[in-house]
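S.K.: Take a look at the letters that make up each chain.
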Amino acid sequence: MEAKLDHYHRGIAWLLFAISSFFLTILSFRYKAYALREHDVIYRSGWLVQSVRVCPFNRIQHCSVDSGVIDRRYGLSSLSVYTAGGAEADMKLAGLPKDVADDMRDFILSKTNKEHSA
Amino acid sequence: MPEQWQILRRQPGSALFIVLYKTIIQLLRMLWPLLLLWFMRKPGNEAKIDPWEIGVGAISIGVFLLSILTFYTFRFCIQGEDLVVKKGVLVRRQIIMPLHRIQAVHVEENWLHQLLDLAQISLDSPGTEETEVRITLRKRDAESFRQYIVGHARVKQASEASESNIKPKEEILFQLSTPDLFKLGLSANHLEAFFIMLAFGFSTLDNLERAINVEFSGVMRWLSDNAASSTAAALLFVAIAILMLSMVISIIRIVLQYGRFVFSEVDKGYRIQSGLINLKEKLIPFRKVQYISWKANWLRSKLPIFMLHFHVIGDENMRRKWTIKIPITQPEFVDKLLTYYHPQLDAAAGYLRVHPKYIVRRVLLAGLLPAALFFTIGYLNFGWMALWLLLLPIYTLIAAWLFQRKFRLYTDADALQVHRGVFGKEYIVLRWENIQSVAIRQGIYQRRHGLATLRLYTADKFISIPFILVADAEQLRDYAIAKIESGK
Numbered sequence: 005m006e007a008k009l010d011h012y013h014r015g016i017a018w019l020l021f022a023i024s025s026f027f028l029t030i031l032s033f034r035y036k037a038y039a040l041r042e043h044d045v046i047y048r049s050g051w052l053v054q055s056v057r058v059c060p061f062n063r064i065q066h067c068s069v070d071s072g073v074i075d076r077r078y079g080l081s082s083l084s085v086y087t088a089g090g091a092e093a094d095m096k097l098a099g100l101p102k103d104v105a106d107d108m109r110d111f112i113l114s115k116t117n118k119e120h121s122a
Numbered sequence: 059m060p061e062q063w064q065i066l067r068r069q070p071g072s073a074l075f076i077v078l079y080k081t082i083i084q085l086l087r088m089l090w091p092l093l094l095l096w097f098m099r100k101p102g103n104e105a106k107i108d109p110w111e112i113g114v115g116a117i118s119i120g121v122f123l124l125s126i127l128t129f130y131t132f133r134f135c136i137q138g139e140d141l142v143v144k145k146g147v148l149v150r151r152q153i154i155m156p157l158h159r160i161q162a163v164h165v166e167e168n169w170l171h172q173l174l175d176l177a178q179i180s181l182d183s184p185g186t187e188e189t190e191v192r193i194t195l196r197k198r199d200a201e202s203f204r205q206y207i208v209g210h211a212r213v214k215q216a217s218e219a220s221e222s223n224i225k226p227k228e229e230i231l232f233q234l235s236t237p238d239l240f241k242l243g244l245s246a247n248h249l250e251a252f253f254i255m256l257a258f259g260f261s262t263l264d265n266l267e268r269a270i271n272v273e274f275s276g277v278m279r280w281l282s283d284n285a286a287s288s289t290a291a292a293l294l295f296v297a298i299a300i301l302m303l304s305m306v307i308s309i310i311r312i313v314l315q316y317g318r319f320v321f322s323e324v325d326k327g328y329r330i331q332s333g334l335i336n337l338k339e340k341l342i343p344f345r346k347v348q349y350i351s352w353k354a355n356w357l358r359s360k361l362p363i364f365m366l367h368f369h370v371i372g373d374e375n376m377r378r379k380w381t382i383k384i385p386i387t388q389p390e391f392v393d394k395l396l397t398y399y400h401p402q403l404d405a406a407a408g409y410l411r412v413h414p415k416y417i418v419r420r421v422l423l424a425g426l427l428p429a430a431l432f433f434t435i436g437y438l439n440f441g442w443m444a445l446w447l448l449l450l451p452i453y454t455l456i457a458a459w460l461f462q463r464k465f466r467l468y469t470d471a472d473a474l475q476v477h478r479g480v481f482g483k484e485y486i487v488l489r490w491e492n493i494q495s496v497a498i499r500q501g502i503y504q505r506r507h508g509l510a511t512l513r514l515y516t517a518d519k520f521i522s523i524p525f526i527l528v529a530d531a532e533q534l535r536d537y538a539i540a541k542i543e544s545g546k
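Protein sequence lines, in the order shown, are assigned to chains Z and H. The opening position of the first sequence corresponds to residue 5 in my numbering, with each subsequent residue numbered one higher. The opening position of the second sequence corresponds to residue 59 in my numbering, with each subsequent residue numbered one higher.
FYI, nobody ran anything at the bench for these hints, they're computed from the structure. Computed from a prediction, not measured in an experiment: that's the story for all the values here. There could be a bad hint or two in this list.
Which bits of chain H does chain Z cover? Going by a derived footprint, with three or more residues having C-beta under 8 Å, they are [to be verified]:
# : segment
1 : 495-501
2 : 534-544
Residues from chain Z that face chain H, not an exhaustive set, calculated with beta carbons under 10 Å [to be verified]:
#  : residue
3  : Tyr-47
4  : Gly-50
5  : Val-56
6  : Cys-59
7  : Pro-60
8  : Ile-64
9  : Gly-89
10 : Lys-102
We treat Cβ as the ideally placed atom computed from N, Cα and C, and that holds for glycine.
Generate the whole structure from the sequences, applying the supplied hints.
M.R.: And the structure:
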């Protein structure tokens, strides 16, 4: 009996978590924006805590384009930008159309190569 | 340079003992509950062999064979500009690590190495596929190998910055005297040691419980029942005993870590040697330093003793590895260690402070909110004892007030300096060009009051400048970005 109740509680907790993360995604979506500028990438995100992050091209080590199963179903990709040091991506732009993400990656790589060699 | 490194070779034969020792330790760590069970099995059953005993035995033998084979297949050499390592039993692997990409060379000797006259070299190169290679060598070979690699990395970089001042090969800057070591041990954060001990104790207990099926929580219950009825004097006695024990343990920890501490300057870098039993060595090239910080807890800030940290690339990812902090017993040493990076900024110049609204936000979010939450839970379970939780907002108020009062940000054309701390003190010097990316963050409360938090990401950790005016944050961000983008 007790075990059943426990399952029940856990189920509610997961449901609440799923609902809140769903709404959080929707709410934060409106604020999300990015731009490629002359010398850097800028990315705006967040809802409760809003953040604007700038990554200069000459600090970018590498970037990657990934798309998961669901992403592929809708032709989407996410672009991750990495600088030195951290194992995590400094910037992750999710939900970009595949060709946009690829173009952006190529643009950033061409920029970083130029900046590094200059 | 000796040509011996050009030929593909194995590690010295005596290094096999190290491999075996490590394998035994590893097996013991995994199998000790089973071993305990085996020793405590019912008498009279010795003759019967269980299938799981055979299984465990077979696996152990397999692990041993594998580690021996791994040892014999591990070969390395230097080919031209690269370190080449070939290894693997079932899957053959070849690792090529360009010498100029090697970020750090560590030499380590534990007691077994010292006994066998060996040393272990580990090479870090964060940019490549395999970030770490470890090679065990004879002690004098290790020294020449290290010099070869460091020398090689230097030749490559010499073109970038050819400095004319030729330094003597090695100059000892300071050592730790026995009184210093003792002072360091006494002033350590004993509370921290206490909690580590507690956590360790509980996890060991938990393991034991599972292994031999005895409920220690019963013992704990008995203890707590009796504690309630005992006098305050007994409780005080227990508290003092625990404090003394954690002091002894933290002193031992410090002595083990900082015994035989030598800090010296070598050509284009610092060399740190430390460790009473396991002697370790670390080399920090000046140009790999991302930023420098030094801090002291409350007690140490009165003495004063500071622990200085050279932050290099990816330090945070190598937590489990050796990131040593340098104990500074004389304040003027700080300036000496900053010479190759950037001197301290002029304290008389203007500075930026954290907005007092920080305290309000902090008390609301980290003090009152969790206190109210835990109070409702606590009240249902323990009654009015839960009122103790009200100490939490009071503590956050004091801590936030101290933090807001102590925080200072100094800036000049090339660098910035942060002073911060709650009970202790911490100082950070960061050059603008060591910043990797910048972010401005605003919560709801901050947006309402026109405030923002600036985050400066470096190749190690990020540095946060909380609760400053949005205009100031944007100005600092734009300066940092301009500085990075105009540089090389």
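S.K.: Go through the numbered hints given earlier and state which of them the structure violates, listing their numbers in rising order.
M.R.: Hint 10 is the one this structure does not satisfy, whereas the remaining hints hold.
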